[in-house]
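So the sequence lines, in the order shown, correspond to chains A and B.
Yeah, the first sequence ends on 159 if you go by our numbering, and it's all consecutive.
Yeah, the second sequence ends on 832 if you go by our numbering, and it's all consecutive.
FYI, nobody ran anything at the bench for these hints, they're computed from the structure.
A virtual CB, placed ideally from N, CA and C, is assigned to each residue, including glycine.
Some clues are possibly wrong.
Unchecked claim - Covered by chain B, according to a simulated footprint, are these stretches of chain A (three or more residues, beta-carbon under 8 Å):
#1 31 to 45
#2 139 to 145
Unchecked claim - Here are some chain B residues the structure puts well away from chain A; computed CB gaps all over 12 Å:
#3 D31
#4 V59
#5 D61
#6 G62
#7 D282
#8 D313
#9 P514
#10 T534
#11 S543
#12 E556
#13 A587
#14 E707
Said to hold, decoys possible - DEER-style ranges, computed between Cβ atoms:
#15 S800/B to G83/A: 54 to 64 Å
#16 I85/A to R559/B: 40 to 50 Å
#17 L407/B to A75/A: 43 to 53 Å
#18 D280/B to A75/A: 50 to 60 Å
#19 P398/B to I151/A: 20 to 30 Å
#20 E549/B to I151/A: 30 to 40 Å
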Amino acid sequence: MPHLSTYVALADRSEQTLAESLRAIGEGHANIADVFHMTGTLAKMSDQHREQLAPVVARYGEDDDVDEPERLHAAGLAEARDGEIGLLRDLQDLHVLATLVKTTWTVIAQGAQGLRDRELLDVSQAAMAQTDRQIRWFETRLKAAAPQALIVTPKPAAK
Amino acid sequence: MNDRIADIWGERTPHSKGTVWPARVDLRLDDGVNEADVDRWVQSACVLCSNGCGCDIAVKDGKMIGVRGRASDTVNHGRLGPKGLYGSTPWASSPDRLTRPMVREHGQLVETDWDTAMGRIVEVSKRLLDENGPLTHGFYTSGQLFIEEYYTLGVIGKAGLGTPHMDGNTRLCTATSAASFKESFGADGQPGSYTDIEHCDAIFLYGHNMPETQTVLWARILDRTRGEDPPRIVCVDPRRTPVAEEADRTDGVHLAPRIGTNLALMNGLTRELFVNGWVDDDWVQAHTIGVDDLRSTVESYTPEKVAEICGVDADDVRRAARIFGESDNILSTVLQGFYQSHQATAASVAVHNLHLLRGMIGRPGAGVLQMNGQPTAQNNRECGADGDLPGFRNWGNPQHVQQLADLWNVDPLTIPHWAPPTNAMQLFNYAESGSIELLWVSATNPAVSMPESARIRKILSGPQCFVIVQDLFMTETAELADVVLPAAGWGEKTGTFTNVNRTVHLSEQAVEPPGEARSDLEIFLMYARAMGFTDQDGAALPSWSTPEETFDAWREATRGRPVDYTGLSYDKLRGPSGIPWPVNEQAPTGTDRLYTDFLFPTDTDVCETYGHDLLTGGTVTETEHRAMAPAGRAFLKGADYTPAHELPSEDYPLLYTTGRTVYQFHTRTKTGRSRSLHRAAPDAWVELSTEDAGRLGISEGDVVRVESPRGAIEVKARVGQVMPGAVFAPFHYGSWDLADVAPGDQHRQANELTMTVWDPVSKQPYFKTAACRVTKIADAVGPSPAPTTAASAPAEAAASQVPATAGGDPTSSVLVPTPHYVNDPSQMSEES
Ligand code: SF4
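For reference, chain A alone in the conformation it holds in the complex (with noise of 0.2 Å):
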């Protein structure tokens, strides 16, 4: 089955991207406090759906030789954008990985089914459930974000 292991290993490396990723843009971000300690919530999931996956992966072998997934791995964000602009950018893009990691769960919890796998399809479907809260989380705090930040020219707080 290399397919599926190479869709475990992308599994594995693009909830990695993810949580990294999270933890950057909310230290970018640290003076907005709920972003900063929402991305680390957030974060903290997708470490846990690593460890969930780890004795799949050991039983599956951890394979990412096979080139055609590798082109769908998402570069991480290495550091936040500026400003309240900067936040909506970065949300969304965000947004762009979450929905990645959902998908690729997806295809994994098809293959679970048809091997009669439990214990991948348990993973997938839990981690699936959870990256939505996290998508859901991405939109909602976009929302929140965006007419402030496009209508209203922030000026810089200088004292």
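Let chain A serve as the given structure and place chain B with the ligand on it in line with the hints.
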């Protein structure tokens, strides 16, 4: 003559279960005045906490000189507590009242006239609207104004300007109460009633030090626990409060969970209901959604696991759960210990879950009271001055927005409804970054009461934002403003407000405001007229001028909504008692408790929110909500416990929590100007457990430095009743009454240490979870100023060295025949 500083709850009037709470009239008048000397008594209700005790204001020679409880009022049956008795009137004639508007000239605030002050506001406001539109405007209001004022402000903000940046300091005290109701029941609205106290077999108080926050309500409970067939008390609090003592006396339980672990405890209690078969399966099946998810969420929270996370005894968890599982009627109350702590909304929703699992709602004795801190916080939520839409309308529901657009005759697009309203914390973020350039603060003191107060002061004093402050006194916040407007206070204006159990009171004007001070309603209307706000037909917006006209307009806004005021009028409110909403054709005398038919306002077209993920605050969409087809069923929602954002570390090994004392209210604007209350709690302190004090070499009265990563305070230590590992500081003490001390230069303001972090759903800041360290800096010269009468009492070992708090001015208490209360279930059964 009673000293109500020494005797906080007054004498007991014990009575047995199911009988009416006896009436007693409490009274205080200024020195040398007798009841016979009073010129007039003016109907009102107390505004020094959320209890809303009905009272009459004594007026002599055009001055408010005392108060008397109204025996006929359903809320307090004539009683008043220390704050109401001693704190209601003295502030009004204080020589330091603001009497003229002020504007900043060359860095200094100077007195001016109304035209100049308002002219300056309008000039800035119009310029900003031209340049960048309404999102440049923010309003930060209070839990202390009247319905008429909130509603007017709401209409100005939503229909006149069209800004979503509107919140109240209710965000700091009761946002979680509202949020938890919306998540469980679909809309805000207190399900229970104070009359539940007379009928219950157990009372659970969650993070609610009621003996100090709502003294008259606690007196009502004491009259049951000291009478026949008393209810058992279960107390969840990290301090050994008087509630905890009552728990011991009634064979209940005191659970003192580690700060920041409330949700783990709640999950443990919930699990016990499931595993012991205490769930009413048929009721749950018929009237709720989500039981399976909840069961699996709490499955792993065994008493042992809870014991480990929370630092409580596993058997105490079992005992508390058994009391909940086996009592016939249970009342639960919740306050800041839950609202201002980690995972606030989830923990408060868990209280609802327990009640729903047992079908313990909607009948006398079986209720939930999610308390409020401030007297009129409820109205801020109802009227939409906290950013929500008036009448518990859903900003995500286009029909609800259209209803308001029709009512106000404006384009629905004017009404900001594209996203959740801006919460207080975000409001200050925008003011900090300069995208809110006009911030209007009314009747609140964020420079002392917000977390990380040094940061807030910097925002308010910076040039990036034009700040207007409207208040009774030159508060720490007013000192930083660009324009200061003198406001009339309680008794100096007419208006209505609603207490925590939905009871609406009329508070009539008793005296003239000092100097040129004006009511908040007049000030808001003055601004609206000067700005020339109009509706689609060019008529003035808002269209009303007097308080009564405003009330009538508000009444229309509630038509068809759960918060139904349509059966109320000023005339009706001039009757013997406050009246609990809904009041309408079906319930002309008001409604004692909600959900007696087990029908909740969760229908997709009715609800105030489609709900949130309790962990992240992510919003549920309309489509998802519809798919669940709630149709009047309540939601059971659970969440996993996660550790608090700031945990003790090597550098900051203790947990820091803030709170209040029985003798003060907020930043002491009123209570600090009462001789009796000031003497009883004159200055800040910090409480440590005997264990921690011993380890740190600290004795009673030593001066200590308490430091967090954000700031420090230096105050005297009380070796007291707080749990080991925790440090408690009262938040009331700023700088206004310290001579020659600028805000920020004093060393006693508890919020210097707290952090900017808030609940993802209710957006209420977590004042009760921060890490700190404590070091001794000087030896004691006497005991700390902490009162001895309640939770701040000294530990037993130190008790003999500390004189008891006493010395309040004389008051009187007279037992009177108990009148008939229209909605009281104990009197209904007498009649039948
Ligand atoms: S309990 Fe509250 S409302 Fe009643 S008298 Fe005391 S402070 Fe006032």
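Do the hints match the structure? See the list:
1. With a cut-off of 8 Å between beta carbons, the stretch 31 to 45 of chain A has 10 residues touching chain B; three or more are needed, and the interface restraint holds.
2. Residue count for the stretch 139 to 145 of chain A with a Cβ under 8 Å from a Cβ of chain B: 4. That meets the three needed, and the coverage hint holds.
3. No beta-carbon of chain A is positioned within 12 Å of the beta-carbon of D31/B; the least distance is around 49 Å.
4. For V59/B, the requirement that its beta carbon stay farther than 12 Å from each beta carbon of chain A is met, with the minimum near 47 Å.
5. Against the 12 Å criterion, D61/B stays outside the reach of chain A, whose nearest CB is about 49 Å from its own CB.
6. The claim that G62/B lies off the interface holds: its Cβ sits roughly 46 Å from the closest Cβ of chain A, which is beyond the 12 Å cut-off.
7. The beta carbon of D282/B sits about 29 Å from the closest Cβ of chain A, which is more than 12 Å, so the claim that it is off the interface holds.
8. Under the 12 Å C-beta cut-off, the non-interface status given to D313/B relative to chain A holds; the minimum distance is some 29 Å.
9. Chain A leaves P514/B outside its interface by the beta-carbon criterion, the shortest separation being 35 Å against a cut-off of 12 Å.
10. Taking the minimum C-beta to C-beta distance to chain A, about 23 Å, the non-interface status of T534/B holds against the 12 Å cut.
11. For S543/B, the requirement that its beta carbon stay farther than 12 Å from each beta carbon of chain A is met, with the minimum near 28 Å.
12. Remark: the non-interface label on E556/B is consistent with the geometry, its nearest Cβ contact in chain A lying 29 Å away (cut-off 12 Å).
13. No beta-carbon of chain A comes within 12 Å of the beta-carbon of A587/B; the shortest separation is about 37 Å.
14. Once the 12 Å rule is applied to beta carbons, E707/B is consistent with being away from chain A; the minimum gap is 20 Å.
15. In this structure, S800/B and G83/A meet the distance hint of 54 to 64 Å, their C-beta atoms being roughly 60 Å apart.
16. Between I85/A and R559/B the Cβ separation comes to about 42 Å, which falls inside the hinted range of 40 to 50 Å.
17. The hinted range of 43 to 53 Å is satisfied by L407/B and A75/A, whose Cβ atoms lie roughly 51 Å apart.
18. For the pair D280/B and A75/A, the beta carbons lie near 54 Å from each other, so the given range of 50 to 60 Å is met.
19. At roughly 21 Å, the beta carbons of P398/B and I151/A sit within the given window of 20 to 30 Å.
20. At about 34 Å, the CB distance of E549/B to I151/A agrees with the hint of 30 to 40 Å.
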